[in-house]
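Peer 1: Top line first, the protein sequences correspond to chains G and U. Just so we're aligned: 173 in the numbering used here is position 173 of the first sequence, and the numbers increase by one with no gaps anywhere. Position in the second sequence counted from 1, then plus 247, gives you the numbering used here.
Note that these hints are calculated values from the structure, not bench results. For each residue, glycine too, the CB sits at the ideal point set by N, CA and C. Some hints here could point you the wrong way.
If you only want the chain U side, here are some residues facing chain G, beta carbon under 7 Å, derived [unchecked claim]: (1) Val315; (2) Thr318; (3) Met319; (4) Gly321; (5) Leu336; (6) Cys340; (7) Pro851; (8) Thr853; (9) Ala897; (10) Tyr955.
Pairs of lysine-lysine, DSBU-like flavour, derived with a Cα cap of 30 Å [to be verified]: (11) U:Lys818 with U:Lys950; (12) G:Lys245 with U:Lys644; (13) G:Lys79 with U:Lys567; (14) G:Lys221 with U:Lys644; (15) U:Lys644 with U:Lys361; (16) U:Lys456 with G:Lys79.
So the chains spell out like this:
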Amino acid sequence: MTTELKIPEFSANFAESGQQGKWGMAIDMDICTGCQACVAACAMENNVPFVGEADSGYGRSMHWIRTERFWEGEFPEIKMTPYQPMLCQQCGHAPCEPVCPAFATVHSQSEALNLQVYNRCVGTRYCANNCPYQVRSFNWRDFERPEPLPNQFNPDVTVRRRGVMEKCTFCIQRIHRAEDQAKSEGREIADGEFTTACAQACPADAIVFGRIDDPESAVSKLARGSRGFHMLEELGTLPSVTYLKAG
Amino acid sequence: MTDNFSRRDFLKLASVGAATTAILTGCGPASRYVTREPYTKMPEYTYNGQSTYYATTCRECAAGCGLVVRTMQGRAIKVEGNKNHPVNLGKTCVRGQATLHGLYNPDRVQDPAKQAKRGSRDFSSMDWDAATAVVADALKNTDPAGVAFLMGMAPDHLFDLVSDLAKAIGAPAPIRFGALGMFEARATLGKAVESLFGQAAMPFFDMGKSDLVFSFGANFLETWLSPVAFTRGFANMRRGGGHGRGTLVHFEPRMSQTASKADLWIPITPGTEGLVALAIGRIAAEARGGSLPTAFADVDVEAIAKASGVSAEKLDELGKLFASANAALAIPGGAALAHSNGLETAEAVLALNALVGGLGRAGGVFLAPLAPMQTEFSRPANMAEMADFVEKLKSGKVKTLFIHGVNPVFELPKSLGFEDALKSVQTVISFATFPDETAMQADYVFPDHHGLESWGYQRVAAGSSQSALSGAQPVVSPYYNTRATADVLLAAAASAGGVLAQALPFKDEVEFIQSKIVALVSESDGYFNAPEINTFTAYFQQYGGWWKTVDELSTPSGDALGKTIKVGEAKFAGEGEFYFHPFVSPVLGEAGANKPWLQEIPDPTTTAMWSSWVEIHPKTAEELGVDNDDVVRIVSEAGTVEAVVYKYPAIRLDTIAMPFGQGHTAYGRYAEGRGSNPADLFGEQVNGAGDLAFAGMRIKVEKTGKKYPLSRLESRMGVYGEALGEEH
């Protein structure tokens, strides 16, 4: 008698198990000028610490958003690839989530965002290792902010301590504020009623934020356009950020 | 209660259980992040948990962008753009965002002080009555001819007050200067417009409606004139208002941030920008047919191709492209004007617009409107005038020098000898908010408020098609024992009595500002109207200024093409084998180095942070035997600096570029002793408009054998590549 081994066939269907986003962003790389206004605006809004020269040299800087650029060709035919603001893509099927042993990196069903619960985080850094976009930053120290710099802190945003992972939240404090306001007035949030700090600052209006589940919103219209694509789409992460190709 | 009442202390007091206290005492240093003020210290206009927003004007440069600052319980929390403001329409640049790190900078000047000996940093605090008496004494007892005022490019209300004051006592008119004005070559722009169109004015470039922009060195996406307004124009051009996607062609020896957004970057030989403009003009004129205009008649395209390194075929292609566009626009600026032939370069580039009918056409060149309460074009002092001023200081004719809003010891070329010249001045009084290099060479420092604690106004010079006066008001009460310079001068004038008191009979800064803006109450076409000055002032604060609702651009007149434009060969000072190409750091600007978050914002093109660097092409670096992070010595005719090598793949092989913004020897802990200052290399060569020819230099590069690890963001991206370094 022979025993037939029944090994179930492995099939990963990421697209089905993930969740489509509720909030989304469209970033037009054709008009992004790499000016870094978004980076500064994000740092000011979200109490992101600066780490100093030595630590930033070690790659420990805490930017929640950064602009990437790469080179193609050789001088004089050299071209810089379009500036590519890189931030948490708020994946619908996020690689960072299943690896967190402390459930600090979790998916919010109601907002369809990737949350980072700072007081659950034990600093394993598994999530950052697993993030294909490299957008998570870790508090390697309690970075010093001498008085009176802390006067500038945004009281709506927690200040993180050493040993805690952090990342872009799509300015969830602004989302909640707008939702509370709309709820108290018994209405839905209107498109463009509020926006994230990066989109608000962007002098070129290259960053547009809004409800991606509303086909009529500005961000949905942009994301549907022929230039739209997702970063590392082939990984099946279902990013909520759509990039618009340059040129 | 103490000022710093920590959350932990609060919990300690609030909890009665000793066990709780013991556990909490074991906690880490979290408590130091949380400070609470007693409720009794709360300003009366704040509600708990609710933000108050104030409109004001950004002071990080002189462009005059409108801000709305979010405050919470008397603290400034976040800078946002003023949506109604014609310059920035709700947007801000990176420096505007970081202005809060200036406001709450730990190294601000906190009290008025007297320095025991210049440069000693031995300051003894004074009270403001004594400080005012010092100013009053200086104004009253110095021969008026021996009083001099050196002012920055912002704010304008203080410049107006000082102008009135100087006139009243018969002192020379105040001099204005700023490093950005120097790098922008504002005098050159004004003079080129005057010589072509018969009227000195700031040109206005309607980029948003253009479909083809040729930028000759103008770094308009970085710091040039009004970067937020230009970025909006660029974005609209790219989105293609009616013409389809607009094209940007940029001529610059190095790929700057602006050049990196260009569809075509031409790494032109430094100093040949004007020649190339002439060649393009000739080819475009031929392509358009008709008789060849005088401006482009005597142009030898072949010779220009040889000099500029742009092939004749390429010039032909560019000329035809320029001629065929619907709304072509040519912009002169930046280092292209900072050559001995810079004025002629500006003329040649502006003439291109005339050739294609771009004067007064949508998407073309206009003359910017004068700001409200402005009667004629004004510009900061050019380098020739600054050199005269320094000579005057050296001669000992100036007994008392007042300095506000500018840091000449850092910003002027070292070779000019400003610091030395100060030794011949009996009394130097600085009104610096930050302990900058110039304040360190002053006898007295009477700190002005930070811009966000200040009243004022700023005339919009370049960023708006509407005539606009941007208004400033304090968004928080002063954090330190500082006082508005306007108030100090007014109090000093009152106590000096005589003509001074008569000329400036204002009880404070606000009353002075009202005496100026009262002229606008009766103006029509305003963004708001008010029947009298008090209501007007309230609106002026609420809306963040006053501007016309209609465009007031004017069409340049005159026969711009009728005169021969002779662009001579650019002269280069020094003997070295490399061209030198200094540029203003797009992140730090002229005065951002003391803001820690700006230091940690990566430079857009190199991603470098926290220091200065020199950009050298990898092939050149190999020939020189230097690598990334090697420290090299740059030697010019006028001086030397040391800086870290950054191998930059998008720069000419014969050119070395270096950012301006670092290299402070004072200016607070985040700026001091960091990087080096290219102004130490600058000579005194000027162009036809008297602007500094800072790009007309040749330099040598010498090895030092030292290494310095340059912090840069890009290492972080290739986590498995070079980022980890050899040792991993």
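Peer 1: If a hint holds in the structure, say so; if it doesn't, say that too.
Peer 2: Quick rundown of the hints versus the structure:
Interface hint status for Val315 (chain U): violated, as the beta-carbon distance to the closest one in chain G is roughly 10 Å, over 7 Å. Taking 7 Å as the C-beta cut-off, the interface hint given for Thr318 (chain U) is violated, the closest approach to chain G being about 10 Å. Interface hint status for Met319 (chain U): upheld, as the beta-carbon distance to the closest one in chain G is roughly 6 Å, under 7 Å. Taking 7 Å as the C-beta cut-off, the interface hint given for Gly321 (chain U) is violated, the closest approach to chain G being about 9 Å.
With 7 Å as the threshold, the beta carbon of Leu336 (chain U) stays out of range of chain G, its nearest partner Cβ sitting at about 9 Å, so the hint is violated. The closest approach between the C-beta of Cys340 (chain U) and any C-beta of chain G is roughly 5 Å, which is under the 7 Å cut-off, so the hint is satisfied. At a threshold of 7 Å, the smallest CB-CB gap from Pro851 (chain U) to chain G is about 4 Å, leaving the interface hint in force. Interface hint at Thr853 (chain U): violated, since its Cβ lies 10 Å from the closest Cβ of chain G, which is beyond the 7 Å cut-off.
Interface hint at Ala897 (chain U): satisfied, since its Cβ lies 5 Å from the closest Cβ of chain G, which is below the 7 Å cut-off. Checking Tyr955 (chain U) against chain G by beta carbon gives a least distance of about 10 Å; that is not within 7 Å, so the hint is violated. For the suggested pair Lys818 (chain U) and Lys950 (chain U), the alpha carbons sit about 27 Å apart, so the restraint of at most 30 Å is met. With a C-alpha separation of about 62 Å, the suggested pairing of Lys245 (chain G) with Lys644 (chain U) is violated against the 30 Å cut-off.
For the hint linking Lys79 (chain G) to Lys567 (chain U), the alpha-carbon distance of about 23 Å falls within 30 Å, and the restraint holds. Only pairs whose Cα atoms come within 30 Å are accepted, and Lys221 (chain G) paired with Lys644 (chain U) is rejected, the gap being roughly 67 Å. For the hint linking Lys644 (chain U) to Lys361 (chain U), the alpha-carbon distance of about 23 Å falls within 30 Å, and the restraint holds. Distance hint between Lys456 (chain U) and Lys79 (chain G) is fulfilled; the C-alpha atoms sit about 26 Å from each other, no more than 30 Å.
The structure fails to meet hints 1, 2, 4, 5, 8, 10, 12 and 14 from the earlier list, while all remaining hints are met.
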